[in-house]
Amino acid sequence: MGKPLVVVFSGAGMSTDSGIPDYRGPQGLWRRDPDAEKLVTYAYYMADPDIRRRAWQMRAEVGALGARPNAAHLAVAQLERGGTPVRVITQNVDGLHQLAGMPARKVFELHGTARSVVCTACGARSGMAEALARVAAGEPDPACLLCGGILKPATVMFGQRLDPVVLGRAMAVAKGCQVFVAVGSTLQVQPAASLAGMAAAAGARLIIVNAEETPYDPLADEVVREPIGTALPALLDRLAG
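Residue 43 in my numbering sits at position 43 of the sequence shown, with consecutive numbering throughout.
What the hints contain is simulated information worked out from the structure, not anything from laboratory work.
Given the structure is predicted, the values throughout are model-derived calculations rather than measurements.
Worth double-checking, as some hints may not be accurate.
To be verified - Calculated cross-link-like contacts (lysine-lysine; reagent style DSSO-like; alpha-carbon spacing at most 30 angstroms):
1. K3 / K106
2. K3 / K175
3. K106 / K175
I would like the entire structure built from these sequences, with the hints used as guidance.
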């Protein structure tokens, strides 16, 4: 019999060891600065040039493009390289799973990627690094170089729908896997969080690795409260065996 299909569902807690702030945790950005949520809300972003300027400044200051994969990302990629079928469904937009070595085709980015920008008028895509270089050079709200339209990160902002194709693929692997590991996610943002329930309903073994309680803990076969950077590599090593 072949090895079981393992789905790793990752949230913001997966990337905090890489220096990327958690938005909803106890020390999260939304709790420290509730107004910051406007910077990633589509309606506010499109209507207010000042919001866009602040959003670009925040991106420049956070420095997410310089973040490197941590032990948890590397452990997921190592599991896949070792011959276990692995798919990653992520709420994160940092691209660290791919940088760690996971093939891009096996990573489903539910909320898009912050490594690219997209024009809201013509749809042209380009690199985030290029846009941030323009901000650093004195353009506080860089416009599309092709049509002059408003640029935004290629992420799903509040008020935007998830890509139905990406969501559909994520649902298919959640329903088809034998093990579903939810790591670093509060499992509160829908419809993404419902994937844990779908997996459990389809008979998958549900494992939750998170510092705080989640709504899906009662469904889980195993709940791990230890730090992700050490707990996930140990857990995946056990699954690989």
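**Prompt:** Hey, K3 versus K175, does the alpha-carbon distance stay inside 30 angstroms?
**Reply:** Holds, because 16 angstroms separates the two Cα atoms, which is no more than 30 angstroms.
Pair hint outcome, K106 versus K175 [Cα-Cα no greater than 30 angstroms]: Holds, at roughly 16 angstroms.
Does the structure keep K3 and K106 at a Cα separation of 30 angstroms or less? Between K3 and K106 the Cα gap is close to 17 angstroms, so the pair holds against 30 angstroms.
When each numbered hint is compared with the structure, no violation occurs for any of them.
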